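> As you go down the protein sequences, you meet chains A and B in turn. So for the first sequence, the working numbering puts the first residue at 1; every next one is plus one. So for the second sequence, the working numbering puts the first residue at 1; every next one is plus one.
Check the hints yourself; a few may be wrong.
Here are the computed distance ranges between Cβ atoms for each label pair [to be verified]:
no., chain 1, residue 1, chain 2, residue 2, range
1, B, Gln175, A, Ala137, 34 to 42 Å
2, B, Gln175, A, Phe158, 26 to 34 Å
3, B, Leu98, A, Leu132, 28 to 36 Å
4, A, Asp39, B, Asp36, 44 to 52 Å
5, B, Trp138, A, Leu132, 30 to 38 Å
6, B, Trp138, A, Leu20, 40 to 48 Å
7, B, His39, A, Pro79, 15 to 23 Å
Some chain B residues judged to face chain A by a derived CB distance under 10 Å, without partners named [stated by the list, open to error]:
no., residue
8, Thr4
9, Val6
10, Trp40
11, Arg108
12, Phe140
13, Gly169
FYI, nobody ran anything at the bench for these hints, they're computed from the structure. Please read these numbers as outputs of a predicted model, since none were measured by experiment. For each residue, glycine too, the CB sits at the ideal point set by N, CA and C.
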Amino acid sequence: MAEMERETPTLGGLFEGFLLLGLTGFGGVLPLARHMVVDKRRWLTGAEFNELLSLCQFLPGGNIINLSVAIGLHFRGIPGAAAAITGLIAAPAVIVLALGMVYARFSHDPHVVHMFAGLAAAAAGLLISMALKLATALRRRPLGIAIAVVICAAIAGFHLPLVPTMLVAAPISIFLMMRVGA
Amino acid sequence: MNQTLVALALIFAQLSVVAFGGGNTTLPEMHRQVVDVHHWMTGADFAALYALAQAAPGPNMMVAPLIGWQVAGLAGMLVTTFAIFGPSSVLTVVALRLWRRFRDKPWRAAVQAGLVPISVGLVAASATVIARTVDHDWIFVAITAASTLVLLRFRVHPLWMLAMGAAVGWTGFGQ
């Protein structure tokens, strides 16, 4: 494979790389992460990136969060993992805190209340479109769609707690999807 | 106060290890605990904070620190941040070390495929919970519908839809 030379990042490099990523990634950091890690900083090859990503998608937690931990660990062990995830969430945490303060300060102003209600309504649309896009992976898998509908009804309709529901539903879903050759 | 912090830590640590399919799958449980069980805030506050975290840059789990801050100030923010990101990160570290052993095993793909319907169901449940809270006037239903359709049909950045929703909301039109 005619890959370009790869560079091993330092702890500071990991922190800085993920800090910039956290600052620039609006509504989905993943495509930007690939650009930074593979194309710009050349820490990993495309194949290495895909392999780490598929592990991260398999695990619980945000994909990009897990990816920062995996990349940090890969190069610099536990300190690297800590540097990468801290970099990734530092800036968004400060920004979100500032926005939260604005919300708390002005949450009695009717304009601000209306604005946040409109913002939340648009965010609901974002979630619906996300669910529908994810559901395309279940095309021609009626069983998968049925499981998704049951889960949605159990959690949103009957307000069942998530952890016990997952403990029951995950093995059943894995078993059923295996039977139909998913 | 300390009890609140312990409760926050337990809730968000649990969410951290069951968030298969990313942070958006845990919203209904977060809502259930924060609004229904502990009454720390109203459903409208929860929806606003979620939307706020979406409008900010960075990973979409950032609603967790925001809720921590709203419930118990800076200490709450630190607790929820560690609780939501810590346990899943430890799992990642452990899994990365085992990964090369089970990456080529057929059961790995089967498990992954089996979790897809659950992720889809949970994101749909998240959408339901947020929409149910905010869509109490026709104008909000219209904003949600417009945002859904545009994001499905066109390759626009989600931030534009959030800005549209905020702007229409600000005018108070239809409310």
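> Give a verdict on every hint.
Checked hints:
| no. | hint | result |
| --- | --- | --- |
| 1 | Gln175/B / Ala137/A: 34 to 42 Å | holds, 37 Å |
| 2 | Gln175/B / Phe158/A: 26 to 34 Å | holds, 31 Å |
| 3 | Leu98/B / Leu132/A: 28 to 36 Å | holds, 34 Å |
| 4 | Asp39/A / Asp36/B: 44 to 52 Å | holds, 45 Å |
| 5 | Trp138/B / Leu132/A: 30 to 38 Å | violated, 22 Å |
| 6 | Trp138/B / Leu20/A: 40 to 48 Å | holds, 42 Å |
| 7 | His39/B / Pro79/A: 15 to 23 Å | violated, 41 Å |
| 8 | Thr4 | violated, 17 Å |
| 9 | Val6 | violated, 17 Å |
| 10 | Trp40 | violated, 13 Å |
| 11 | Arg108 | holds, 7 Å |
| 12 | Phe140 | holds, 4 Å |
| 13 | Gly169 | holds, 2 Å |
The structure fails hints 5, 7, 8, 9, 10 (numbered hints given earlier, in ascending order).
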